[in-house]
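S.K.: Respectively, the protein sequence lines represent chains A and B.
Counting from 8, one number per residue, gives the positions in the first sequence under my numbering.
Counting from 151, one number per residue, gives the positions in the second sequence under my numbering.
In short, the hints are calculated from the structure, not lab data.
For clarity, every value in this text was computed on a predicted model and none was experimentally measured.
Worth double-checking, as some hints may not be accurate.
Distance condition first, Cα-Cα at most 25 Å in a straight line; then the derived DSS-like pairs of lysine-lysine [unchecked claim]:
| # | chain 1 | residue 1 | chain 2 | residue 2 |
| --- | --- | --- | --- | --- |
| 1 | B | LYS163 | A | LYS172 |
| 2 | B | LYS155 | B | LYS263 |
| 3 | A | LYS9 | B | LYS223 |
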Amino acid sequence: MKHLLRMARADIGESIRARWFFVYTVVFGTIMVGLLVSGLTESRIMGFTGLSRLLVTYIQITMAILPIFMLITTVRSVVGDREAGVYEYMLSLPVGLAAWYWGKLLGRFIVIFLPVILAMMLAVAWGLIKGVTIPWSQVLLYTVLLDALIICFLGIGMLISTLSKSTDVAQGAAFMVWLFLLLFLDLILLGTLIREGLPAEMAVGIALSNPLQAFRTATMLLFDPQLVLLGPSAYVILDLFGRIGYIWWAMAYPLFIGFSTAGLGYWVFRRRDLS
Amino acid sequence: MIQLKSLKKTFRKTQVLRGLDLNLAKGDRMALVGSNGAGKTTLVRCLLGQYTFEGEVLVAGLSPRENRREVLKQIGFVPQLPPPIKMTVEQLVQFSADLCDADPEEMLGVAAKLGLPIDEVRNRVFVRMSGGEKQKLLIGIALGRDAEILIMDEPAANLDPEARQVFFNLLAERLDRVTMIISSHRLDEVAALVNRVVELDRGLVVLDDHVDDSVDMSSVLNCSIELSQPNDAFSKSISEWGFTHNEGNCWQGQVAGPDRLRFLGVLSRYAGLLQGIEMKAAGQK
């Protein structure tokens with residue numbers, strides 16, 4: 008445990024000095040400041056206004072940026088370190104492979120999670136100063152959903168980086184995974200459904216197995232309980248899970264994907280050449 | 151201390167190590183020489199538990215793959231090319247010391263002896279230091295802990311002559327209790343440090359011989375050189391060894407005992423200019 012925490016600290020230290028982290032923090036900080044300055048909290052959509060409105064918009068933007076950012080930076084840093092010979096030296100030190108791998112993952116999780124959550128806290132602080140009602144349950148749920156999304160893509164990123172021989176291959180694979188999940192978001196799915204006459208159950212099944220879609224639908228559920236925005240597939244989803252059930256699914260499923268891919272990555276990592 | 155039995159390593163279809171057998175006893179100081187592609191780095195990585203392989207590798211009776219921490223606790227490693235680590239010097243030393251249960255000040259102390267200005271570089275990011283500074287720090291980390299085995303890949307290649315002398319002295323202090331593997335392309339670079347030489351060629355041991363190790367690692371030679379005429383390139387090279395220019399075309403300075411072969415190698419480039427060379431052990435009349 009001591010070595011795992013040491014590895015996490017080392018990874019956090021290195022990431023904080025890296026250029027990608029600077030860009031990443033600036034992006035999320037700018038998005039939040041931009042949303043606050045643009046007066047979004049004054050506008051109204053589907054009865055939603057104030058901080059809830061702002062958080063809904065923030066979370067949708069986050070969903071678009073966060074996965075690809077995480078995938079690319081994670082696979083780059085892990086495979087890049089191996090290519091550059093960092094592993095040859097660092098893994099000559101007496102550290103267990105489990106501590107190394109999971110420590111790196113923990114460090115990376117903290118580094119990715121902090122800017123996103125700090126931006127959200129900035130919105131909450133702003134709301135408190137302005138005397139706006141803070142939707143605490145929504146803030147809490149978004150935090151947990153973001154957690155799950157980050158762990159999901161972190162796990163996928165670690166698996167890709169363990170399997171890839173070079174940075175180029177890893178980046179290409181990461182981009183393809185992201186593109187694949189993006190293609191199966193509901194709007195595209197529904198379009199295909201209409202055009203090809205696919206059964207609704209199949210489209211909904213695919214949407215449910217897409218962690219990006221699970222996250223998106225759950226965040227929608229918080230401000231659109233009937234899932235009007237989602238159209239016909241909402242019936243299947245709500246019949247199958249109910250509102251609370253679906254939110255649990257949206258939290259548990261990405262976590263399951265994240266931990267299983269990370270676990271698989273570790274299994275491969277410890278059986279292969281390390282450097 | 152180290153046993154390799156029928157060690158084979160294959161990358162895709164290329165067999166890099168082809169059934170290698172080797173035993174190292176405690177106190178052996180082995181030069182691992184061979185051309186590029188001979189299998190030196192692969193062998194070192196097998197010892198460090200970084201590669202899967204066929205055959206058997208035992209370090210102090212343990213497999214480096216299955217008992218990583220126990221084995222690596224005993225090994226101090228200095229790579230040929232310093233890795234692009236983005237930690238500061240202080241963080242890297244603290245990190246290494248934590249993992250090795252060692253004292254970070256001890257590691258910094260060794261690096262300082264080699265001439266690394268610790269206070270100046272303490273907060274500098276490792277990757278931004280010069281090649282020599284990085285090498286000094288990595289040697290400090292390897293020697294500043296209780297390692298029973300030292301595996302070093304061209305460890306003195308980036309060091310200036312003064313630091314090389316200190317490095318030889320540091321190794322001399324550890325001769326009785328440490329087993330060393332020093333990997334190099336050229337035997338003359340490491341001959342004075344070892345008592346055994348193993349040459350690899352295409353994954354097999356083609357030479358395993360003992361080397362006369364009567365050279366005292368801490369010895370120093372007083373040296374004077376006379377040239378037939380001044381030469382700028384020679385002046386530059388010899389100044390790097392800390393030599394000073396006397397009257398006429400004479401140069402004087404000191405050379406570390408184990409470095410004599412390397413020094414003569416430098417002089418051989420100017421053989422046509424040399425009029426006289428004198429090398430005597432310091433204190434000898």
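S.K.: All the hints need checking, so say for each whether the structure fits it.
M.R.: Status of each hint after checking the structure:
At roughly 16 Å between alpha-carbon atoms, B:LYS163 and A:LYS172 fall within 25 Å of each other, so this suggested pair holds. This hinted pair does not check out: B:LYS155 and B:LYS263 have alpha carbons roughly 39 Å apart, beyond 25 Å. Taken as a hint, the A:LYS9 and B:LYS223 pair is honoured in the structure, with Cα atoms around 16 Å apart against an allowance of 25 Å.
Comparing the model with each earlier hint shows a violation of hint 2 alone; every other hint is respected.
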